[in-house]
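Using the hints, position chain E against chain B.
Okay, here's what each chain looks like letter by letter:
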Amino acid sequence: MKKDILIRVCMGPAGIAAGGKDILDEFKRIFHEKKIKASVGKKCSSHQVGCMGLCASDVLVDIVIDGIKTVYQHVKPDMVEKIVEDHIIGGKPVHRWMADEILVDFNKKQMKIVLSDCGKVDPEDIESYICADGYASARKVFSSMKPEDVINEIKLSGLRGRGGAGFPTGLKWELARKAQADTKYIICNADEGDPGAFMDRAVIEGNPHSVVEGMIITAYAVGSEKGYVYIRAEYPLAVERLRLAVKQAEDKGFLGKRIFNSDKNFNIVIKLGAGAFVCGEETALIASIEGQRGMPRSKPPFPVNKGLWEKPTVINNVETLANIPYIIKKGHAWYSSYGTEKSKGTKVFALTGKIKNTGLIEVPMGITLREIIYDIGGGLDEGKNLKAVQTGGPSGGCIPASMLDIKFDYESLAQAGSIVGSGGMIVLDNDDCMVNIAEYFTRFTQSESCGKCVPCRIGTKRLLEILEKITTGNGEEGDIEKLEELSEYIKKTSLCGLGQTAPNPVLSTIKYFRNEYEAHIREKKCPAKVCKHLLIYAIHKDICTGCGACKRVCPQEAIVGDHKFPHRIEHIKCIKCGACYDICRLNAVGRS
Amino acid sequence: MKRSNEDILHRHLENNGNIISLLQDIQAVFGYIPRESIYYFSEKLNIPSAYIYGVATFYSQFRLNPAGKHKITACCGTACHVKGAEKIIDSLKLELGLDDKEDTTKDGEFTLEKVACLGTCSFAPIVLIDGKVRGKVKHEILVREIKSMKKKK
Numbered sequence: 000m001k002k003d004i005l006i007r008v009c010m011g012p013a014g015i016a017a018g019g020k021d022i023l024d025e026f027k028r029i030f031h032e033k034k035i036k037a038s039v040g041k042k043c044s045s046h047q048v049g050c051m052g053l054c055a056s057d058v059l060v061d062i063v064i065d066g067i068k069t070v071y072q073h074v075k076p077d078m079v080e081k082i083v084e085d086h087i088i089g090g091k092p093v094h095r096w097m098a099d100e101i102l103v104d105f106n107k108k109q110m111k112i113v114l115s116d117c118g119k120v121d122p123e124d125i126e127s128y129i130c131a132d133g134y135a136s137a138r139k140v141f142s143s144m145k146p147e148d149v150i151n152e153i154k155l156s157g158l159r160g161r162g163g164a165g166f167p168t169g170l171k172w173e174l175a176r177k178a179q180a181d182t183k184y185i186i187c188n189a190d191e192g193d194p195g196a197f198m199d200r201a202v203i204e205g206n207p208h209s210v211v212e213g214m215i216i217t218a219y220a221v222g223s224e225k226g227y228v229y230i231r232a233e234y235p236l237a238v239e240r241l242r243l244a245v246k247q248a249e250d251k252g253f254l255g256k257r258i259f260n261s262d263k264n265f266n267i268v269i270k271l272g273a274g275a276f277v278c279g280e281e282t283a284l285i286a287s288i289e290g291q292r293g294m295p296r297s298k299p300p301f302p303v304n305k306g307l308w309e310k311p312t313v314i315n316n317v318e319t320l321a322n323i324p325y326i327i328k329k330g331h332a333w334y335s336s337y338g339t340e341k342s343k344g345t346k347v348f349a350l351t352g353k354i355k356n357t358g359l360i361e362v363p364m365g366i367t368l369r370e371i372i373y374d375i376g377g378g379l380d381e382g383k384n385l386k387a388v389q390t391g392g393p394s395g396g397c398i399p400a401s402m403l404d405i406k407f408d409y410e411s412l413a414q415a416g417s418i419v420g421s422g423g424m425i426v427l428d429n430d431d432c433m434v435n436i437a438e439y440f441t442r443f444t445q446s447e448s449c450g451k452c453v454p455c456r457i458g459t460k461r462l463l464e465i466l467e468k469i470t471t472g473n474g475e476e477g478d479i480e481k482l483e484e485l486s487e488y489i490k491k492t493s494l495c496g497l498g499q500t501a502p503n504p505v506l507s508t509i510k511y512f513r514n515e516y517e518a519h520i521r522e523k524k525c526p527a528k529v530c531k532h533l534l535i536y537a538i539h540k541d542i543c544t545g546c547g548a549c550k551r552v553c554p555q556e557a558i559v560g561d562h563k564f565p566h567r568i569e570h571i572k573c574i575k576c577g578a579c580y581d582i583c584r585l586n587a588v589g590r591s
Numbered sequence: 000m001k002r003s004n005e006d007i008l009h010r011h012l013e014n015n016g017n018i019i020s021l022l023q024d025i026q027a028v029f030g031y032i033p034r035e036s037i038y039y040f041s042e043k044l045n046i047p048s049a050y051i052y053g054v055a056t057f058y059s060q061f062r063l064n065p066a067g068k069h070k071i072t073a074c075c076g077t078a079c080h081v082k083g084a085e086k087i088i089d090s091l092k093l094e095l096g097l098d099d100k101e102d103t104t105k106d107g108e109f110t111l112e113k114v115a116c117l118g119t120c121s122f123a124p125i126v127l128i129d130g131k132v133r134g135k136v137k138h139e140i141l142v143r144e145i146k147s148m149k150k151k152k
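These protein sequence lines map, in sequence, to chains B and E. Quick note: the first sequence uses numbering that gives the first Met the number 0, first residue 0, plus one each step. Quick note: the second sequence uses numbering that gives the first Met the number 0, first residue 0, plus one each step.
Isolated chain B (complex conformation) (with noise of 0.2 Å):
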């Protein structure tokens, strides 16, 4: 009996922080204790692969045989041996692990392009992406296609920039391409600044070779010798599967010198971003690679024009690099076909908050917030009911679940006055307080603000203060509107584009959630109680029964009374943590 086994076990991001090493590294034990490939068959062989999408139940497993693939959920290292033994030697999957059934829901209505060989090529090893067809557009490109001929293959797939503002690859390629210089440069911008999303994360982390694809193309395209990669240092995994990408693919001849027999050279090097969220934006991004304070400059001159080191540069986003080999393999037709008029294509997001499927899906532009909440995430959590849907971070801004049919492209969402953005898609239920999510981004962009410009630096600081105000209890009158006059004001006069979208989350959610600002204002409560400062908690003496769980976790010894006895609250003690809250089980501890 001979068959050919794969076991892939998911290392994504949530993969490995749910154990997958352990996994990987059982089967490995467990085939060699039981000599598994002398036994079963001579193909026998289990690797690591990035993001498998549905994070919620990870650590997925994928065992294939023959051809036949089964997918295990939530596996657990003291369940390897059971799938080992009745499975792949016995033959019977173990059907109350599988993932199949909720699999199926959560990919009907996905469309995977960028993400379509992430999850089952080894991220570590260059040999399963060729395999997967790898690197078979670079050199379709080289051999037998002009640089003019790559750049219309692009426009006319239509494809927009994937960092968030949407701007036409192709027609960015075309002006790098005739802007005249001796050298030109391209980068990948990989500063994945966005707290919430981590779709670039996982797409260099799961199928790196196919950003550098896609950097190899984009260089011969606009005519550049050398790239560069803009990385966070907070991603060290996706930093070390990148250098180890580059390395393996100068070791093929596809980067360095007369690269794929051409005439051409190419050399990517790595830059480690130093954690700013200013570095997002295109100039500054240029600023911190040329080892400066990452501030940005005012536009034009472009960076297709003028760049890095005053040379043209192309800035691409990773998700947009890792779209251009597969748009090359199968044509602008082909990708033209999904999306809508003006929004070609898929979109990865990063699917989080209170829903039930959490993971990194990749949709086709057009679809509606209902099918990507409810068919794709499977809803939310038990009991709870949607509130709204945040995204794209803190440029972006908050869909009320009364817009549930809008659909995802670039134009319906800044109709609504949001933004596709990088693709951090966070939903919120009832529990979640707008006015703080408002505070929440005006602190993060606040902080982030490289206050170069007074509009940023002070605006968003005033911004944040009278949201403050607001949350603490103090609000007054006229809040509202001083908050909506001076965003107004920040949106217009700011230098970049940090700026420039700040007071996107305060304004849409004053839009759509006018009355909740009113009831911290007027009323000093916070519907969803959320706001400690306008948190009150009591002990009802009705229904204690004196176990004491509460007084054990108050950090301020805030609780008295006796054992078996009701016990209560000293208020002038209490710093409102909410810890007796979380641990009474008989909901004895109020919260008004």
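Worth flagging that the hints you see were computed from the coordinates, not collected in a lab. In this text, a Cβ means the ideal position worked out from N, Cα and C, and glycines have one as well. Possibly wrong hints are sitting among the right ones.
Stated by the list, open to error - Derived BS3-like pairs (lysine-lysine); straight-line CA-CA distance at most 25 Å:
1. E/Lys137 x B/Lys460
2. E/Lys113 x B/Lys524
3. B/Lys575 x E/Lys135
4. E/Lys100 x B/Lys550
5. E/Lys86 x B/Lys355
6. E/Lys100 x B/Lys531
7. E/Lys92 x B/Lys468
8. E/Lys100 x B/Lys383
9. E/Lys113 x B/Lys468
10. E/Lys137 x B/Lys75
11. B/Lys572 x B/Lys523
12. E/Lys137 x B/Lys531
13. E/Lys86 x B/Lys572
14. E/Lys100 x B/Lys572
15. E/Lys92 x B/Lys575
16. B/Lys572 x E/Lys135
What the hints assert, rightly or not - Which stretches of chain B does chain E cover? Using the computed rule of at least three CB atoms under 8 Å from a CB of chain E, they are:
17. 80-91
18. 212-220
19. 229-239
20. 421-431
21. 490-498
Leaving out everything else, chain E in the frame of chain B:
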């Protein structure tokens, strides 16, 4: 310290790097950016120390003070925020006795660091203890763990 600085200088000149890479090297060796290093490189590279400070203070990665023996990194990304990161940070601060401006305990045992997003949003809220990921953490369990780490000291 002098010896280490010389090594870094050597590597730096070889790679003909920039100030950010230099600072990253310094931090990799010392765990923070010592004042002496800034003066040393200012002199050797003929760059005003104010300029080096300017870059070091701009980026959140760089620390100007030594970190504690154990590093606790709390993610403050949006997903973590809506799943209670603030509560976790508050309870950690309380347990470690840190006020709003401190990030390291007086005995130099613990440093509590906040980061913008670790990109593991599906497991929110996330806390790293000495680099090891703790997903879907609960504050009371974390506090218990810190307490036992304190005892082992």
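For each hint, the structure was consulted:
About 32 Å separates the Cα atoms of E/Lys137 and B/Lys460, which puts this hinted pair outside 25 Å; it is violated. At roughly 29 Å between alpha-carbon atoms, E/Lys113 and B/Lys524 are farther apart than 25 Å, so this suggested pair is violated. For the hint linking B/Lys575 to E/Lys135, the alpha-carbon distance of about 22 Å falls within 25 Å, and the restraint holds. Pair hint E/Lys100 plus B/Lys550 does not hold up; C-alpha atoms about 29 Å apart against a cutoff of 25 Å.
Restraint check: the Cα-Cα separation between E/Lys86 and B/Lys355 comes to about 22 Å, which is no more than 25 Å; the hinted pair holds. Restraint check for E/Lys100 and B/Lys531: the C-alpha separation of about 20 Å stays at or below 25 Å, so the hint holds. Using a Cα cut-off of 25 Å, the hinted pair E/Lys92 and B/Lys468 holds, with the two alpha carbons roughly 23 Å apart. Note on E/Lys100 and B/Lys383: the hinted pairing is violated, with a Cα-Cα distance of about 37 Å set against a maximum of 25 Å.
For the hint linking E/Lys113 to B/Lys468, the alpha-carbon distance of about 24 Å falls within 25 Å, and the restraint holds. Simply put, E/Lys137 and B/Lys75 have alpha-carbon atoms about 21 Å apart, close enough for the 25 Å limit, and the pair holds. Simply put, B/Lys572 and B/Lys523 have alpha-carbon atoms about 21 Å apart, close enough for the 25 Å limit, and the pair holds. At roughly 18 Å between alpha-carbon atoms, E/Lys137 and B/Lys531 fall within 25 Å of each other, so this suggested pair holds.
Proximity of E/Lys86 to B/Lys572 is assessed by CA-CA distance (about 17 Å); at most 25 Å being required, the pair is judged to hold. A distance of roughly 22 Å separates the Cα atoms of E/Lys100 and B/Lys572; the hinted pair therefore holds under the 25 Å criterion. A hinted pair counts as satisfied when its Cα atoms are at most 25 Å apart, and E/Lys92 with B/Lys575 qualifies at roughly 14 Å. A hinted pair counts as satisfied when its Cα atoms are at most 25 Å apart, and B/Lys572 with E/Lys135 does not qualify at roughly 29 Å.
Only residues whose beta carbon comes within less than 8 Å of a beta carbon in chain E count, and the segment 80-91 of chain B has 0; fewer than three means the coverage is violated. Coverage of the segment 212-220 of chain B by chain E is violated [criterion: at least 3 residues with CB-CB distance below 8 Å; count 0]. Under a criterion of three residues with beta carbons nearer than 8 Å to beta carbons of chain E, the stated coverage of the segment 229-239 of chain B is upheld, 3 such residues being counted. With 4 residues having a beta carbon nearer than 8 Å to a beta carbon of chain E, the segment 421-431 of chain B meets the requirement of three or more and the stated coverage holds.
Look at the segment 490-498 of chain B against chain E: 0 of its residues bring a Cβ nearer than 8 Å to a Cβ of that chain, fewer than three, so the hint is violated.
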